[in-house]
Amino acid sequence: MTDHHGEFDSVTGKSTTGHEWDGIKELNTPLPRWWVISFYLTIVWAIGYWIVYPAWPLIASNTTGLFGYSSRADVAVELANLEKIRGEKMAALGAASLADIEKDPALLALARAKGKTVFGDNCAPCHGSGGAGAKGFPNLNDDDWLWGGTLDQIMQTIQFGARSGHAKTHEGQMLAFGKDGVLKPDEIVTVANYVRSLSGLPTRKGFDAAKGEKIFADNCVACHGDGGKGNPELGAPNLTDKIWLYGSDEATLVETISQGRAGVMPAWEGRLDPSTIKAMAVYVHSLGGGK
Amino acid sequence: MNKTVNPNELTSDDDNGPLYVAQKKVYPQSISGTFRRIKWGLMAFCLGVYYFLPFVRWNRGLGAPSQAVLIDLPNSRFYFFFIELWPQEIYYFTGLLIVAAVALFLMNSVGGRIWCGYLCPQTVWTDLFYAVERFVEGDRRERMRKDKSGGGLTLRRVSEIAFKHAIWLMIAWWTGGAWVLYFNDAPTLVKELLTFQAPMIAYIWIGILTATTYLLAGFMREQVCTYMCPWPRIQAALTDEWALNVTYRYDRGEKRTSVKKAAELRALGQPVGDCVDCYQCVAVCPTGIDIRNGPQLECIQCGLCIDACDNVMTKIGRPKRLIGYDNDINIQRRQEGKAPIYRIVRARTVAYSAIIAAVGGIMLYVLATRTLLDINVLHDRNPVAVKLSDGSIRNAYTVRLLNKSGYDRVVAIDADGPVNLTTHVVGVDSVTPDRPMIVIPRDSTSELRLLVTAPADSNPEKSIPVRIHVTDIGLGEVATTTDNFVAP
Ligand code: SF4
Ligand code: SF4
Numbered sequence: 660m661t662d663h664h665g666e667f668d669s670v671t672g673k674s675t676t677g678h679e680w681d682g683i684k685e686l687n688t689p690l691p692r693w694w695v696i697s698f699y700l701t702i703v704w705a706i707g708y709w710i711v712y713p714a715w716p717l718i719a720s721n722t723t724g725l726f727g728y729s730s731r732a733d734v735a736v737e738l739a740n741l742e743k744i745r746g747e748k749m750a751a752l753g754a755a756s757l758a759d760i761e762k763d764p765a766l767l768a769l770a771r772a773k774g775k776t777v778f779g780d781n782c783a784p785c786h787g788s789g790g791a792g793a794k795g796f797p798n799l800n801d802d803d804w805l806w807g808g809t810l811d812q813i814m815q816t817i818q819f820g821a822r823s824g825h826a827k828t829h830e831g832q833m834l835a836f837g838k839d840g841v842l843k844p845d846e847i848v849t850v851a852n853y854v855r856s857l858s859g860l861p862t863r864k865g866f867d868a869a870k871g872e873k874i875f876a877d878n879c880v881a882c883h884g885d886g887g888k889g890n891p892e893l894g895a896p897n898l899t900d901k902i903w904l905y906g907s908d909e910a911t912l913v914e915t916i917s918q919g920r921a922g923v924m925p926a927w928e929g930r931l932d933p934s935t936i937k938a939m940a941v942y943v944h945s946l947g948g949g950k
Numbered sequence: 062m063n064k065t066v067n068p069n070e071l072t073s074d075d076d077n078g079p080l081y082v083a084q085k086k087v088y089p090q091s092i093s094g095t096f097r098r099i100k101w102g103l104m105a106f107c108l109g110v111y112y113f114l115p116f117v118r119w120n121r122g123l124g125a126p127s128q129a130v131l132i133d134l135p136n137s138r139f140y141f142f143f144i145e146l147w148p149q150e151i152y153y154f155t156g157l158l159i160v161a162a163v164a165l166f167l168m169n170s171v172g173g174r175i176w177c178g179y180l181c182p183q184t185v186w187t188d189l190f191y192a193v194e195r196f197v198e199g200d201r202r203e204r205m206r207k208d209k210s211g212g213g214l215t216l217r218r219v220s221e222i223a224f225k226h227a228i229w230l231m232i233a234w235w236t237g238g239a240w241v242l243y244f245n246d247a248p249t250l251v252k253e254l255l256t257f258q259a260p261m262i263a264y265i266w267i268g269i270l271t272a273t274t275y276l277l278a279g280f281m282r283e284q285v286c287t288y289m290c291p292w293p294r295i296q297a298a299l300t301d302e303w304a305l306n307v308t309y310r311y312d313r314g315e316k317r318t319s320v321k322k323a324a325e326l327r328a329l330g331q332p333v334g335d336c337v338d339c340y341q342c343v344a345v346c347p348t349g350i351d352i353r354n355g356p357q358l359e360c361i362q363c364g365l366c367i368d369a370c371d372n373v374m375t376k377i378g379r380p381k382r383l384i385g386y387d388n389d390i391n392i393q394r395r396q397e398g399k400a401p402i403y404r405i406v407r408a409r410t411v412a413y414s415a416i417i418a419a420v421g422g423i424m425l426y427v428l429a430t431r432t433l434l435d436i437n438v439l440h441d442r443n444p445v446a447v448k449l450s451d452g453s454i455r456n457a458y459t460v461r462l463l464n465k466s467g468y469d470r471v472v473a474i475d476a477d478g479p480v481n482l483t484t485h486v487v488g489v490d491s492v493t494p495d496r497p498m499i500v501i502p503r504d505s506t507s508e509l510r511l512l513v514t515a516p517a518d519s520n521p522e523k524s525i526p527v528r529i530h531v532t533d534i535g536l537g538e539v540a541t542t543t544d545n546f547v548a549p
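Just so you know, the sequences run in chain order L and A. Per this note's numbering, the first sequence starts with residue 660, numbered consecutively. Per this note's numbering, the second sequence starts with residue 62, numbered consecutively.
Bound conformation, chain L alone (with noise of 0.2 angstroms):
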């Protein structure tokens, strides 16, 4: 055998390259020649891609390809195009009344898929991303409502919010009966108790029941209504069920009447359109809360 690099291996019976790294040498082992051109043509692909396509920095750009093609301005395009499909859709939304919008399956989905997104983006830091709500915040989630839980009331209540300086707003709130110099502190005690005593909570030993309904009767009736059952239109909780939006525990609850609250929810007319309040009205209501 003849060896025109001078160099051959006993072993395999082959000729080697001439290169050799630590004592071990590179057998010549030929590639088959159309995998030495595809592997040219591979450079010239890369080559005509950056001629095509956009693909040197220069400072303050880029070069732009021959055509001027660019997956952002792609993006746009199809993101202009998801906004005309949805524009659509959304107008069937804004038409329908938002009783007709839970009755039927592909626009309830659709507000819903809409109302979660828009929720998750502008409420959820106040009631959570799952409208669970927190100390302050109602649980959107739960059957209790302050201003009114049927379709409308939601859609109001997130049109115009509560105490938000808006025109329409919600108004009404827990006056400070402590701070103000209303009732003694020993009397805030005793209507906490017999507040507490409404929803079959325990009561204080020695508390005077007469004498908290007599208190309840001439300071809270006005608001909460007869029995404390609560008044959607001034937002008056309902201070016979369950559910306590500040707490139950009577700390909490001498507090409350001590300095009143006054929660504020924003409006959002004007920040958000009329078919994406309408789909978060009817989100919300089917969040489980609906009444």
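Hints may be right or wrong, so weigh each one.
Derived DSSO-like pairs (lysine-lysine); straight-line CA-CA distance at most 27 angstroms [said to hold, decoys possible]:
{"id": "1", "chain 1": "A", "residue 1": "Lys225", "chain 2": "A", "residue 2": "Lys207"}
{"id": "2", "chain 1": "L", "residue 1": "Lys870", "chain 2": "L", "residue 2": "Lys827"}
{"id": "3", "chain 1": "A", "residue 1": "Lys465", "chain 2": "L", "residue 2": "Lys762"}
{"id": "4", "chain 1": "A", "residue 1": "Lys523", "chain 2": "L", "residue 2": "Lys794"}
{"id": "5", "chain 1": "L", "residue 1": "Lys673", "chain 2": "A", "residue 2": "Lys85"}
{"id": "6", "chain 1": "L", "residue 1": "Lys873", "chain 2": "L", "residue 2": "Lys827"}
{"id": "7", "chain 1": "L", "residue 1": "Lys673", "chain 2": "A", "residue 2": "Lys86"}
{"id": "8", "chain 1": "A", "residue 1": "Lys523", "chain 2": "L", "residue 2": "Lys901"}
Negatives, chain A to chain L, calculated, CB over 12 angstroms [stated by the list, open to error]:
{"id": "9", "residue": "Thr95"}
{"id": "10", "residue": "Met104"}
{"id": "11", "residue": "Leu114"}
{"id": "12", "residue": "Pro135"}
{"id": "13", "residue": "Leu255"}
{"id": "14", "residue": "Val447"}
{"id": "15", "residue": "Ser450"}
None of these hints come from the bench; they were simulated from the model. All residues carry an ideal CB built from backbone N, CA and C; glycine is no exception.
Let chain L serve as the given structure and place chain A with the ligands on it in line with the hints.
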């Protein structure tokens, strides 16, 4: 080239060339015999199935596609005769892949690379393209002569070449065309393709598959098997000494001599091999190797050299199968003068068969017990439980109902558990207090929000199991799933 090579001293004869070697053109000669017949049969079967299966009809009733095998991507359905699979049932394909892989292992442990030699698409199409080439340009010698007379591009020769490529391209085009028919109603798509109404993607795929078929079967041929395919490397690790491989029985074939010389030597009672060095086995080999050099990576075990040598042996009046399917053990045994043994039933083949049977059995069982009504439930996590104003506890679930049948259903949903539970579906008026009724259109899914409530006095523990049923009101068919009901 006329040298005798001991297979134990495998050397590559031309490694002194440049770093890059040109593809050596192979001119396989036509041959007839047992293995050739098997190959024709398998080719006809495989190609027949591939090209015509999309046209087989299967009546599934109104509104459902009537194609026996259809991959319906837009609607995420897969139809295979009486089977209809939904995306939720993708695990069937996992099973199918396992069976396919183990079947390949089994084939390999029984007969080496029989997949490569008989069933691999690359082999089948290359074989077909070779047949076309032979039909148009003539057999081995003729083709070699025509290629060698380089400048002789007569009109006849040019039209011959053009004719060959035209047939190749037609086959390639039909290969690509058949592919897209699996993804759409075949007769409709054919009509659309002919009138240029078909979707662009169909033309693109036909183009891609036409190009790859033409290139791989017409030009790349054995190069695919030798350089591109990973299977030769993998199967070498899977094979064992019992696997049957196409083998030149050199113990019987050597020393090679001419027919005349062999007869003379035999008459003198001298030792002589059966191989008459006629090179028929090399001439027919589609990968252009000499099997007498021992087992080689390039050999796809197609058995054509067996047919070639058998023909020669018959002619010279010697026993057949100088080249035959044989295993490593027998090479050893024959050298020791023992009788050959073959064993197909071995631990390895039994294990592979058992795996195939087990996976196949599971798939059949799942298929047989497949329901047309299904329910998937996802418990709401935020919040997991809600206390209502009367003290009762409610959990919410996202329910997906699947109606895999061809008719609309009216279903009711209810839940039961250790405590009394009531159900309500958002947007649905219940007919009875705890059984909301829903219509699920045929062949579709419905997603619902299900509210399950436990009364205030039931005091469920932190977490209790709950079973949610969906009942077809008309047929009484029930699907059930279990989940948890959580107290706050
Ligand atoms: S050596 Fe024989 S079995 Fe192997 S590829 Fe060639 S013809 Fe086929
Ligand atoms: S076909 Fe048979 S006899 Fe002819 S060269 Fe090959 S092995 Fe020898």
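Right, here's what the structure says about each hint:
no., hint, result
1, A:Lys225 x A:Lys207, "holds (14 angstroms)"
2, L:Lys870 x L:Lys827, "violated (38 angstroms)"
3, A:Lys465 x L:Lys762, "holds (24 angstroms)"
4, A:Lys523 x L:Lys794, "holds (22 angstroms)"
5, L:Lys673 x A:Lys85, "holds (19 angstroms)"
6, L:Lys873 x L:Lys827, "violated (34 angstroms)"
7, L:Lys673 x A:Lys86, "holds (23 angstroms)"
8, A:Lys523 x L:Lys901, "holds (19 angstroms)"
9, Thr95, "holds (33 angstroms)"
10, Met104, "holds (26 angstroms)"
11, Leu114, "holds (33 angstroms)"
12, Pro135, "holds (16 angstroms)"
13, Leu255, "holds (31 angstroms)"
14, Val447, "violated (4 angstroms)"
15, Ser450, "violated (3 angstroms)"
Of the numbered hints listed earlier, those contradicted by the structure are 2, 6, 14, 15.
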